[in-house]
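Visitor: The listed protein sequences derive, respectively, from chains S and Z.
Counting with the working numbering, you get residues 1 to 498 for the letters of the first sequence.
Counting with the working numbering, you get residues 1 to 281 for the letters of the second sequence.
To be clear, the hints were calculated from the coordinates, so they are not data collected in a lab.
The model shown is predicted, which means the values in this text are computed figures rather than measured ones.
Check before you lean on any hint, since a few could be wrong.
[Said to hold, decoys possible] Label pairs and their in silico Cβ distance ranges:
1) S:I380 <-> Z:R12: 31 to 41 Å
2) S:D397 <-> Z:V118: 49 to 59 Å
3) Z:V218 <-> S:R253: 25 to 35 Å
4) S:I380 <-> Z:P96: 50 to 60 Å
5) Z:I27 <-> S:E391: 50 to 60 Å
6) Z:F242 <-> S:K349: 58 to 68 Å
7) S:E433 <-> Z:F226: 45 to 55 Å
8) S:S430 <-> Z:F226: 27 to 37 Å
9) S:T351 <-> Z:K8: 20 to 30 Å
10) S:K195 <-> Z:D43: 40 to 50 Å
Yeah, the Cβ is synthetic: ideal placement off N, Cα and C, and Gly gets one too.
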Amino acid sequence: MMNFKKFAFAAALTTALVPALGITSALAAKTSLNMGMVLEPPHLDPTAGAPAAIDEVVYANIYEGLTRIGSKGEVLPALAESWDISADGKTYTFKLRSGVKYHDGSDFEATDVKFSLDRARAEGSTNAQKALFAGIESVEVVDPTTVKVMLKAPAGNFLFNMGWGDAVIVAPESADTNKTAPVGTGPFKFGNWVKGASVDLVRNDAYWGKQAGLEKATFKFISDPAAAMSAMLAGDVDAFANFPAPEAVPQLRADPRFKVVIGSTEGETILSTNNAKPPFNDVRVRRAIAHALDRQAIVDGAMFGLGTPIGTHFAPHHPAYVDLTGRYPMDIEGAKKLLAAAGHPNGFKATLKLPPPSYARRGGEIIASQLRKIGIELEIIPVEWGVWVPEVFKGKDYDLTIVSHTEPQDIGIYARDDYYFQYSSDSFKSTMEKLNAETDTQKRYALMGEAQKTITEDAVNGYLFQLAKAGVWNAKINGLWENSPVQANDLTGVSWSD
Amino acid sequence: MNTSEFFKTALRNRSFAIGLFISLLVIAMALVSYIWTPYSVIDLDIGAKLKAPNVDYWFGTDHFGRDIFSMIMVGARNSIAVALVAVFVGIGIGVPVGCWAAARGGFFDEALMRGNDVIFAFPALLSAVMITAVFGPGAINAIIAIGIFNIPVFARLARGAALSLWPRDFIMAARAAGKSSFRITWEHIVPNMTNLLIVQGTIAFALGIIQEAGLAYVGLGTQPPFPSWGKMLNEAQTMMSFAPHMAIFPGLAIVITVLGLNLLGDGLRDVLDPRIAKERS
Numbered sequence: 001m002m003n004f005k006k007f008a009f010a011a012a013l014t015t016a017l018v019p020a021l022g023i024t025s026a027l028a029a030k031t032s033l034n035m036g037m038v039l040e041p042p043h044l045d046p047t048a049g050a051p052a053a054i055d056e057v058v059y060a061n062i063y064e065g066l067t068r069i070g071s072k073g074e075v076l077p078a079l080a081e082s083w084d085i086s087a088d089g090k091t092y093t094f095k096l097r098s099g100v101k102y103h104d105g106s107d108f109e110a111t112d113v114k115f116s117l118d119r120a121r122a123e124g125s126t127n128a129q130k131a132l133f134a135g136i137e138s139v140e141v142v143d144p145t146t147v148k149v150m151l152k153a154p155a156g157n158f159l160f161n162m163g164w165g166d167a168v169i170v171a172p173e174s175a176d177t178n179k180t181a182p183v184g185t186g187p188f189k190f191g192n193w194v195k196g197a198s199v200d201l202v203r204n205d206a207y208w209g210k211q212a213g214l215e216k217a218t219f220k221f222i223s224d225p226a227a228a229m230s231a232m233l234a235g236d237v238d239a240f241a242n243f244p245a246p247e248a249v250p251q252l253r254a255d256p257r258f259k260v261v262i263g264s265t266e267g268e269t270i271l272s273t274n275n276a277k278p279p280f281n282d283v284r285v286r287r288a289i290a291h292a293l294d295r296q297a298i299v300d301g302a303m304f305g306l307g308t309p310i311g312t313h314f315a316p317h318h319p320a321y322v323d324l325t326g327r328y329p330m331d332i333e334g335a336k337k338l339l340a341a342a343g344h345p346n347g348f349k350a351t352l353k354l355p356p357p358s359y360a361r362r363g364g365e366i367i368a369s370q371l372r373k374i375g376i377e378l379e380i381i382p383v384e385w386g387v388w389v390p391e392v393f394k395g396k397d398y399d400l401t402i403v404s405h406t407e408p409q410d411i412g413i414y415a416r417d418d419y420y421f422q423y424s425s426d427s428f429k430s431t432m433e434k435l436n437a438e439t440d441t442q443k444r445y446a447l448m449g450e451a452q453k454t455i456t457e458d459a460v461n462g463y464l465f466q467l468a469k470a471g472v473w474n475a476k477i478n479g480l481w482e483n484s485p486v487q488a489n490d491l492t493g494v495s496w497s498d
Numbered sequence: 001m002n003t004s005e006f007f008k009t010a011l012r013n014r015s016f017a018i019g020l021f022i023s024l025l026v027i028a029m030a031l032v033s034y035i036w037t038p039y040s041v042i043d044l045d046i047g048a049k050l051k052a053p054n055v056d057y058w059f060g061t062d063h064f065g066r067d068i069f070s071m072i073m074v075g076a077r078n079s080i081a082v083a084l085v086a087v088f089v090g091i092g093i094g095v096p097v098g099c100w101a102a103a104r105g106g107f108f109d110e111a112l113m114r115g116n117d118v119i120f121a122f123p124a125l126l127s128a129v130m131i132t133a134v135f136g137p138g139a140i141n142a143i144i145a146i147g148i149f150n151i152p153v154f155a156r157l158a159r160g161a162a163l164s165l166w167p168r169d170f171i172m173a174a175r176a177a178g179k180s181s182f183r184i185t186w187e188h189i190v191p192n193m194t195n196l197l198i199v200q201g202t203i204a205f206a207l208g209i210i211q212e213a214g215l216a217y218v219g220l221g222t223q224p225p226f227p228s229w230g231k232m233l234n235e236a237q238t239m240m241s242f243a244p245h246m247a248i249f250p251g252l253a254i255v256i257t258v259l260g261l262n263l264l265g266d267g268l269r270d271v272l273d274p275r276i277a278k279e280r281s
């Protein structure tokens, strides 16, 4: 099939050129991909920032870690070919792949692994997920292709943690400039970054593994849902891993040019509550809010039915998930009684700061209308991410907000007193300590269940729904992920069929 | 010309009659919305979302199941209030500035009017975006933003009219009688420019409605849960393919209201300007 854009271009040329161009594009399958993303990353170093957009550009494309997370959330070997775990579960010996080169031509060696891990867990580290490395006692280089990692205590999810974007391996020479000129070992090299518009990646022909199917990949940043829709329809963008306008999904699904895949993400979408700020420091108030929320209405109204209601901070597709959606059934009278008992018989006023995604802006309007029924008047304050991060996330200056927590298995954030929920529970922390030390899968699941029940019992946040991944792409593209077990757009296996 | 006489002549002017009818209709709709709307615009009914126009929901429902007809009624309130206050801000500040400049003349006049030009040179929407970006979005800031844009419009108009009046004989007579320039302005100049102000006010009112819709469209006007026409259009944008009624009705509301006000303005100009009225007859 002839590509429409090339056809249009060819038609504009002289008639003599038309057949020539038409034939070449009909014979060869496309080798470039335009991938749409809603947010632009602030920089391109996944070891120095929390925004998911960084990982969504660079993870598994530019940078690789010791392990990698596959499309189903499985742990796969990456820069570590294989590993041995000592009998006590505290020493991991990684056998590294040899002959791996960074994009700048330098060799990947065991010292880079030690450098990267030590850098991430160092005192003044800017790594956004320091907790991933907190269990490491020391890292030891045995020989150029062998690294030993000693843990303080056995950690069941250590190999998974090493597959996060925050744990990728970087070279000491380029670590400081990775933000603007990323150098990794992955199947794609950094090409060009047009700030505000796009990031180009080009194929790394010296890649150690199977060559990427694409010669060039461009990530285009389109934050406006309506613009995303027109870019998709016009063919300016070939794929959106997570399409920002759920309302348009039926229309795209009906269009034979596109393939629509509704997958799962690790995004627990929650009504984050400032647990330290009155009146939200009173568990009765938080429970009243939980009783007033109608999750299905929120999923239907904000996401057009895409999403699974959740009752706790855990992904429903995970085997350890406990369905707690029935803990706080819709009960307006009960909620009012709880509010009255907490000293707010007539309700109160509060603010609801909403970041840009439609799940937040629309969900916020629905929640404001639901909470109004129990007398809580919410003033809706729309904010940009540039305001939300310093003000809400870092500054903790908020009453309520709505956000999707897309990190995988991130229930551990509830053990952090300094996290923006400002929740502090000794029983939760002790559960997490036990969980971190436990390596038996079944026992780990039981502890995860206990942790879920604790935060639901305390109604720390309003648990809304698991964000669905509305993947939309050209029907001729193969190999894009259907789910997002980690924040990533892994393009390694992507190709066009003709 | 007294009031009844005025209406007798004016209603013979077709623009004026149609414009007045539409404008009164919109105002009536806004006033009725205070006591009655078919449905609540604040309570959402997700189960009834995206219904096409039907007997229960005359203009259909939006993505939250709110009745679009009710939203347009309440939105009219908001559009009128913002535009009206903005016009009064423009008249209240612009006319004194223009008259003062005309009365004083010289360097003072130049300085005031060049200052006006600076404000005028900014595209209205841009300056409104700037103001709301600094002070935050909301209906009050939208009023201020649109009002500020109106100041130079009225200042220019008032100054022009005042300058043409100052050399006239009756003003000369007043000056010779020893009246201060303030009293002359208040007692002779301003009463003689009311016709102009009414016409310009009607047009500025129509523009204000468009600007309010524009600001709300980009998210800088009235904030949820209160509906506004511009915001309704914004929300309709990604749903046009399957719920066109979400865009059509607020769009029509804006078009019809602005058309009505413009016709009213045109009609008023014809009726109030004796020269044009004479030419026509």
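Visitor: Indicate, hint by hint, whether the structure satisfies it.
Guide: Hint by hint, here is what the structure shows:
Range check, I380 (chain S) to R12 (chain Z): about 49 Å between beta-carbon atoms, so the 31 to 41 Å window is missed. Checked against the given bound of 49 to 59 Å, the beta carbons of D397 (chain S) and V118 (chain Z), roughly 36 Å apart, lie outside it. Separation of V218 (chain Z) from R253 (chain S) is about 30 Å and conforms to the stated range, judged on CB atoms against 25 to 35 Å. Range check, I380 (chain S) to P96 (chain Z): about 38 Å between beta-carbon atoms, so the 50 to 60 Å window is missed.
Against the hinted window of 50 to 60 Å, the Cβ-Cβ separation of I27 (chain Z) and E391 (chain S) comes to about 41 Å, which falls outside the hint. For the pair F242 (chain Z) and K349 (chain S), the beta carbons lie near 37 Å from each other, so the given range of 58 to 68 Å is not met. A beta carbon spacing of about 49 Å between E433 (chain S) and F226 (chain Z) agrees with the range 45 to 55 Å that was offered as a hint. Range check, S430 (chain S) to F226 (chain Z): Cβ separation about 47 Å, and the 27 to 37 Å hint is violated.
As the Cβ distance of T351 (chain S) to K8 (chain Z) is approximately 55 Å, the hint placing it in 20 to 30 Å is violated. A hinted range of 40 to 50 Å holds for the C-beta pair K195 (chain S) and D43 (chain Z), which are about 44 Å apart.
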